[in-house]
Amino acid sequence: MAVITVDHVRKSFSSLEVLKDISFALETGEVLSIIGPSGSGKSTLLRCITNLEQVDSGTISIGGDTLVHTDDQGITQYADKHTVARIRLRVGLVFQNFNLFPHFSVMRNITEAQMHVLKTPKDEAQDIASDLLRKMGLPEKADAYPFQLSGGQQQRVSIARALALKPQVLCFDEPTSALDPELTGEILAVIKKLATEHMTMMVVTHEMAFARDISNRVIFMDDGLIVEEGTPEAVFSNTKNERTKRFLSRF
Amino acid sequence: MGKLLMLMLEGTFTSLRIFFLTLLFSLPLGLVVAKGRMSRHRIISSLVNGYIMIMRGTPLILQLIFVYFAPYYIFGSSTDRFTAVIIAYAINYAAYFAEIYRGGIQSIPQGQLEAASVLGFTKVHTFTHVIMPQVVKRIMPAMGNEVITLVKDTALAQTIGVAELFRVAQNAAAREFSTMPIFIAGIFYFVMNAIVSKSFDLIERKLDYYR
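Residue numbers (my numbering), protein chains in the order written: chain U, 1 to 251; chain S, 1001 to 1211.
It is possible that some hints are incorrect.
Claimed, not checked - Which residues of chain S face chain U? A few of them, derived with a C-beta cut under 10 Å, are: (1) Gln1112; (2) Glu1114; (3) Ala1115; (4) Ala1116; (5) Val1118; (6) Leu1119; (7) Gly1120; (8) Phe1121; (9) His1129; (10) Val1130; (11) Pro1133; (12) Gln1134; (13) Leu1207; (14) Tyr1209; (15) Arg1211.
Since the hints were derived computationally from the structure, they do not count as laboratory data. If you're wondering where the values come from, they're calculated on a predicted model, not measured in any experiment. We treat Cβ as the ideally placed atom computed from N, Cα and C, and that holds for glycine.
Let the hints inform the model, and build the full structure from the sequences given.
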């Protein structure tokens, strides 16, 4: 069953067309990697799905509800505020540069949305946060502040923060790009672990070996278009596409 | 000498009332002004910008005189002197505070707003729990400057005849043919500002638990 469907999505920033007719579906339990050169529209696509950017036209459905829809007359309309608010919680997003709240402790970073948005009682929210921190290998960091953590630890906290809302899909926007190579491994290990637990994930990444290793499916994007889509073997080992070959030859 | 000190303490009390009442009104008003300045509506933001230009571009002493005398010429009646001082100071300082707030708000990385948005925070919650606490920390040094200036600016209230500390000192100096009262007033201002500085140090240290 598709948890996210994206249909004929277009998006421009003034005169620059960043997404040119993007369509794909994300199945429940699937790990989908999106690769491609910088400026190919990968991040913008994630930002449209998480509603940080609005599309110009096209349809996006998440968990069976329509976030935005373009009808036969070509009129594009977003769902009402309440529906959007409900839908957006189904998709978690982990940012390239973490974006933890620096003035909150690690614990509060993870409990704030649970308490404010889901109205979870404090002790329950803290139990959930403690469990997640243990899972992320950071049980002793609950009272630390983000600046006291390494980049890799901060990123793991931000993954916990996203998971605390129990999203149906977790999106990663180049989760290791701000980390030095030694710290990259710990994030990849966490994502891999989530994959074995059948967490549905969409990962925009420049880590080709990783994409190949964890994904069920890979999308290669270039210049606002999906150039190729298939299993990791098909894309990484047996591609017939010249553009894909050229891109992958650099790794 | 004892009588002089009593008079000067009374004057100090008036200065302190001006100080605290100005802060009470200008601190929140500044936030409203900052919001207006950052408004996406061109008309609102340019009107507010005009207001800030006037407040920062003309002397406070002139604004004080204007606030006190303009109602008399327009309506034929005037507010009492002390009220005029508070109004003039509050709208003047709100303009300065607004620009400090704006600088602070705009210095918060966009990613903080995006994280709050993805987590489903409401706009109000994002502003009160994510943005403002970080803004407060960032603007403390600039606010300290401004608040210290306010302590000294209270001396301008004498222009429209409010008997604050400096006016009292000047009167005493004239009466006794001595500059001593003026020097004593100087010490009073210095002590008040030492307290202000220390308070800001304390707040900054309290907010030092994160970076």
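**Asked** Which numbered hints does this structure break?
**Response** none
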